[in-house]
Amino acid sequence: MRVPILKQGNYLIASIQSALSDFELLQLRDDLASQVGRFRSRGVIVDVTVLDVMDSFAVRTLRAISQIARMRGAETVIVGIQPEVAFAMVQLGLTLGQVETALDLEEGLALLEVRSKQTDNNDSEK
Amino acid sequence: MNGKKKDSRRRLPNEEALGDAEDVRIGQGPTVQLLSELVAHLRENRTQLREEWARRITESELLMAMTKEEIFKEATAVYDNYVAVLETGSVESLQAYARDLSERIIPRGVETREVLGIVLLLRDVLGRSLFKKYQGDIALLNRVLDAYEPAANRIANTVGVSFVQERERIIRQQQEAIRELSTPVLQVRERLLILPIIGVIDPQRARQLTEQLLRGIRANRAKVVVIDITGVPSVDSTVANHLVQTVDASRLMGATVIVTGLSSEIAQTLVTIGVDLAKMKTVGDLQGGIEEAERLLGYKVTMVTAKEQASLK
Chain A
491 MRVPILKQGN YLIASIQSAL SDFELLQLRD DLASQVGRFR SRGVIVDVTV LDVMDSFAVR
551 TLRAISQIAR MRGAETVIVG IQPEVAFAMV QLGLTLGQVE TALDLEEGLA LLEVRSKQTD
611 NNDSEK
Chain B
-7 MNGKKKDSRR RLPNEEALGD AEDVRIGQGP TVQLLSELVA HLRENRTQLR EEWARRITES
53 ELLMAMTKEE IFKEATAVYD NYVAVLETGS VESLQAYARD LSERIIPRGV ETREVLGIVL
113 LLRDVLGRSL FKKYQGDIAL LNRVLDAYEP AANRIANTVG VSFVQERERI IRQQQEAIRE
173 LSTPVLQVRE RLLILPIIGV IDPQRARQLT EQLLRGIRAN RAKVVVIDIT GVPSVDSTVA
233 NHLVQTVDAS RLMGATVIVT GLSSEIAQTL VTIGVDLAKM KTVGDLQGGI EEAERLLGYK
293 VTMVTAKEQA SLK
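Those sequence lines, one after another, are chains A and B.
Residues 491 to 616, numbered by the working numbering, are exactly what the first sequence covers, in order.
Residues -7 to 305, numbered by the working numbering, are exactly what the second sequence covers, in order.
In short, the hints are calculated from the structure, not lab data.
Yeah, the Cβ is synthetic: ideal placement off N, Cα and C, and Gly gets one too.
Don't take each hint at face value.
Stated by the list, open to error - Partial pick of chain A residues on the chain B-facing surface, computed with a CB cut under 10 Å:
{"#": "1", "residue": "A548"}
{"#": "2", "residue": "I571"}
{"#": "3", "residue": "Q572"}
{"#": "4", "residue": "A576"}
{"#": "5", "residue": "T585"}
{"#": "6", "residue": "L586"}
{"#": "7", "residue": "T591"}
{"#": "8", "residue": "A592"}
{"#": "9", "residue": "E597"}
{"#": "10", "residue": "G598"}
{"#": "11", "residue": "L599"}
{"#": "12", "residue": "L601"}
Unchecked claim - Examples of chain A residues lying across from chain B (beta carbon under 10 Å, computed):
{"#": "13", "residue": "F547"}
{"#": "14", "residue": "I568"}
{"#": "15", "residue": "V569"}
{"#": "16", "residue": "E574"}
{"#": "17", "residue": "Q581"}
Work out the full structure: start from the sequences and follow the hints.
As structure tokens, then:
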């Protein structure tokens, strides 16, 4: 199943509905990459609330999504990582690097709001 | 823990000859006869030898935590048990007595050194009395000592081991008690949690801590967590890594972690170990940590002036 990507104002929200295969993850990456450009989005939120496992491939793909989106002008926030998943990730040494994280969708949107205000301020200062 | 256990099982050189099984009787044939002669001698001189022993204990300033009467009472009991072991060759009742004695005297601060000291003193007192009795006949004295020494060693060993085992049991009990004192995750402001850690962190506790904290973050929708480690006596690389893992895991859930209360020793250890502190936000004390957290959350705490206070009333 393709992960639905919703457009919400300046942001894209990818809401994962079930455990994803490697292929579906790559599909999500490609879909997001093209839609960020098409909708001129400022932010991307990937909601992983339903995932109860996160393997190295998933983590790598999420990092890739973040990097691709940044190159196309959008910040990425991963939201909804479960406590068990977070603990397993650090134990396995899987890190998201520079990718932002937030507790849930609401927090993620708030974080993007703050980030875009910061960039706006920086722009006006110039 | 394991290392200690091994120590307590280590036997004295003479002891090895006796074998491992508890029910091995001391000596055979002629030795039995010698031992029974020995026992008779010790029974005969019970009062005098016991007094001599109690005097030596007081002289050596052992068992200072106990009164003279108590020492004499325990000395009598140990003496009788000692003779009983020599007679029957079975250390079971002595073992039970030593355990019971340890249970009574450990809470009063009696140390291993003292317990071993008094048993060795008794060994010495009895040895001297044997010398005195048999000094006319060196060959007989030799045989008497052959019978007495292994038995005496075994007794000293039994008492010492019982004492150490009792101590270990108490230590285990206390460790469990400490482990059961769970670490609370407290909300001090909307979206701000504090986690005061007190006591030694072992891997098991660190894991429990992290799990509790992550659940707390989700349940309270926390954005900032202050971990206070003022009460942690020391930090090694394992604990430091656990701390880093906790910080990372909290970040994955969207919460910022501030670590406070790093003592100068711990800070030095962390630097020496080479923990990557870049990922960790650290503030000197809990107050500073909470202030920093409030700043991150956008709270501003101001003092109410006297005038305003009056108007509130």
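Status of the hints after comparison with the structure:
no.	hint	verdict
1	A548	violated, 13 Å
2	I571	holds, 5 Å
3	Q572	holds, 8 Å
4	A576	holds, 4 Å
5	T585	holds, 7 Å
6	L586	holds, 7 Å
7	T591	holds, 5 Å
8	A592	holds, 4 Å
9	E597	holds, 6 Å
10	G598	holds, 8 Å
11	L599	violated, 12 Å
12	L601	holds, 8 Å
13	F547	violated, 17 Å
14	I568	holds, 8 Å
15	V569	holds, 7 Å
16	E574	holds, 8 Å
17	Q581	holds, 7 Å
The structure does not agree with the numbered hints 1, 11, 13 stated previously, though it agrees with the rest.
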